[in-house]
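As they're listed, the protein sequences go chains A and B. FYI, in UniProt numbering the residues of the first sequence are 1 to 182. FYI, in UniProt numbering the residues of the second sequence are 1 to 322.
Hints are not guaranteed to be accurate.
[Unchecked claim] Computed footprint of chain A on chain B; a stretch qualifies when at least three of its residues, placed anywhere within it, have a C-beta under 8 Å from a C-beta of chain A: (1) 38-52; (2) 70-77; (3) 121-127; (4) 243-249; (5) 301-310.
[Said to hold, decoys possible] So, partial list: chain A residues that the calculated Cβ filter (under 8 Å) puts toward chain B: (6) 32; (7) 33; (8) 77.
[To be verified] In silico lysine to any residue, SDA-like type, Cα no more than 20 Å apart, as pairs: (9) B/318 / A/86; (10) B/136 / A/86; (11) B/318 / B/136; (12) B/31 / B/6; (13) B/60 / B/225; (14) B/297 / A/174; (15) B/136 / A/39.
Everything labelled a hint here was simulated from the structure, so no lab data went into it. Heads up, the beta-carbon is just placed ideally off N, CA and C, and yes, glycines get one too.
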Amino acid sequence: MTPLAAGPGFLSPTGVEIAFVLVGLVTLGAAVITVTTRQLVHAALWLVVALGGLAIEYLLLTAEFIAWVQVLIYVGSVVVLLLFGLMLTKAPIGRSPDADSENRWVALAVAVTAAVALVWVVVDAFRTTWIELDGPAQGSTEVSGQFLFRHWVLPFEALSVLLLAALIGAIVLSRKSGKEQR
Amino acid sequence: MNDVLDVAIRLVIVFAAFLLLPLIVGQTEHKVMAHMQGRLGPMYVGGFHGWAQLVADGVKFAQKEDIVPAAADRRIFQLAPAVALLPYLLVLVVIPIGPQEGAVGEVVDAGIFFVLAVMGIGVLGSLMAGWASANKFSLLGGLRTAAQLLAYELPMLLTAASVAMAAGTVSLPGVLNAFEWWWVPWQIVGALVFFVAGLAELQRPPFDMPVADSEIIFGAYTEYTGLRFALFMLAEYAGIVVLCGLTTVLFLGGWHGPFGGDDVGWLWTLLKTAVLAFVVIWLRVSYPRLREDQLQKLAWTVLIPLALAQIALTGIVKVVIQ
């Protein structure tokens with residue numbers, strides 16, 4: 001990343017930038033449909049589109065490794081788990097009018113707040129940086145690995161401990177409810 | 001312009017392989033199963049030993065009426081076969097077949113992650129089919145597919161990670177360039193775990209609980225007819241090709257062979273893949289189907305500990321030889 005001098009501007013977008021914006025719009029649209037559709041399984045499948053769109057955005061930013069991990073974890077595992085759960089609950093074909101917790105406005109407020117906070121943080125942090133997409137890939141596996149394990153080892157380890165704690169917690173909770181049933 | 005042409009030719013070759021190899025595996029399955037069961041198999045179509053049987057089957061499938069059940073979710077029902085089939089085409093693009101520069105459809109930097117990620121998407125097709133058919137048996141099949149995928153994705157990833165550790169790269173041609181013959185005994189446990197988990201992900205016998213015909217008719221594909229059904233079948237056989245090709249590349253040294261130079265590298269890849277495909281068929285004929293609880297038990301109590309042990313072994317050897 002190099003500081004933005006008198007370099008590239010917003011008025012003459014390159015092909016990659018146009019593609020980025022278009023994919024972003026598709027992703028946003030899919031995400032909106034995900035939370036507004038009344039058909040449960042369709043929501044999960046639109047989520048696949050949204051998550052896949054994000055993966056394409058990563059690819060366009062040359063972050064190949066992150067893109068494939070995104071597909072592997074979210075599309076391959078999280079969505080499959082979601083669909084599994086939906087099938088267990090016998091999600092009907094067609095609309096499910098009772099699938100409404102009536103928290104619409106609160107949810108919208110929370111979502112907008114979270115989005116504003118995230119956008120603000122990102123814009124503030126990367127205000128003057130520019131990713132040069134033509135040079136050597138900056139998000140390749142090698143570069144990501146070096147950054148992760150040279151500069152960000154401590155957060156990485158902290159996250160793994162957090163996930164381990166969550167895992168153990170899940171096991172404890174599921175075992176407990178198993179005993180009560182017997 | 002030359003680059004575009006080059007890429008186009010490669011993609012056409014990969015596409016041809018994608019259409020041809022599954023048919024060859026299918027025909028081999030007809031014949032191998034028949035001989036293992038002491039019968040002939042299809043003998044008449046095309047003259048010599050019924051070689052054109054699968055072509056005739058294809059024509060038959062194309063003629064059949066394409067039925068969508070009245071209660072089904074039309075669009076998802078119709079989309080599902082494509083979702084099941086396309087990922088395998090994408091995976092085939094990145095599998096290197098020889099040592100030469102152009103012997104792979106497209107070099108992907110994080111190849112191992114790419115193939116595992118994309119193969120995981122294929123299962124979404126089965127889930128969509130299972131749910132959208134509006135049929136109890138289909139739904140059960142979909143549920144079993146999901147449970148199976150969740151259990152067997154992890155050992156596959158772990159053993160692939162072991163190979164990546166050994167090679168010091170996650171690109172498939174990179175793995176092959178780093179390959180030495182003693183990797184085969186070193187990674188043999190990982191290879192077995194990967195292959196078994198891959199079989200389970202493809203829902204091939206003995207892991208065919210999701211399509212168990214004696215219990216739930218044909219699982220998620222029960223309601224499908226004609227070409228869409230044929231696409232699911234094609235996906236299964238393309239899956240066999242992809243799984244055997246991947247096992248060859250990751251664990252058996254791909255184009256490396258005991259003799260013959262780099263020129264016959266592609267022959268070694270094809271030979272190893274073919275032998276593995278034969279094993280896949282052999283297992284179908286010789287093993288009884290695993291029950292759902294046995295399936296889950298095998299994944300969580302045998303394959304995952306073995307995969308973790310393989311990773312530990314890889315790490316130790318890697319540190320020692322450095």
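Now for the hints, and whether the structure bears them out:
no.	hint	in the structure
1	38-52	violated (count 0)
2	70-77	holds (count 4)
3	121-127	holds (count 4)
4	243-249	violated (count 0)
5	301-310	violated (count 0)
6	32	violated, 19 Å
7	33	violated, 14 Å
8	77	holds, 6 Å
9	B/318 / A/86	violated, 44 Å
10	B/136 / A/86	holds, 14 Å
11	B/318 / B/136	violated, 50 Å
12	B/31 / B/6	violated, 37 Å
13	B/60 / B/225	holds, 11 Å
14	B/297 / A/174	holds, 17 Å
15	B/136 / A/39	holds, 19 Å
When held up to the earlier numbered hints, the structure conflicts with 1, 4, 5, 6, 7, 9, 11 and 12 and fits the remainder.
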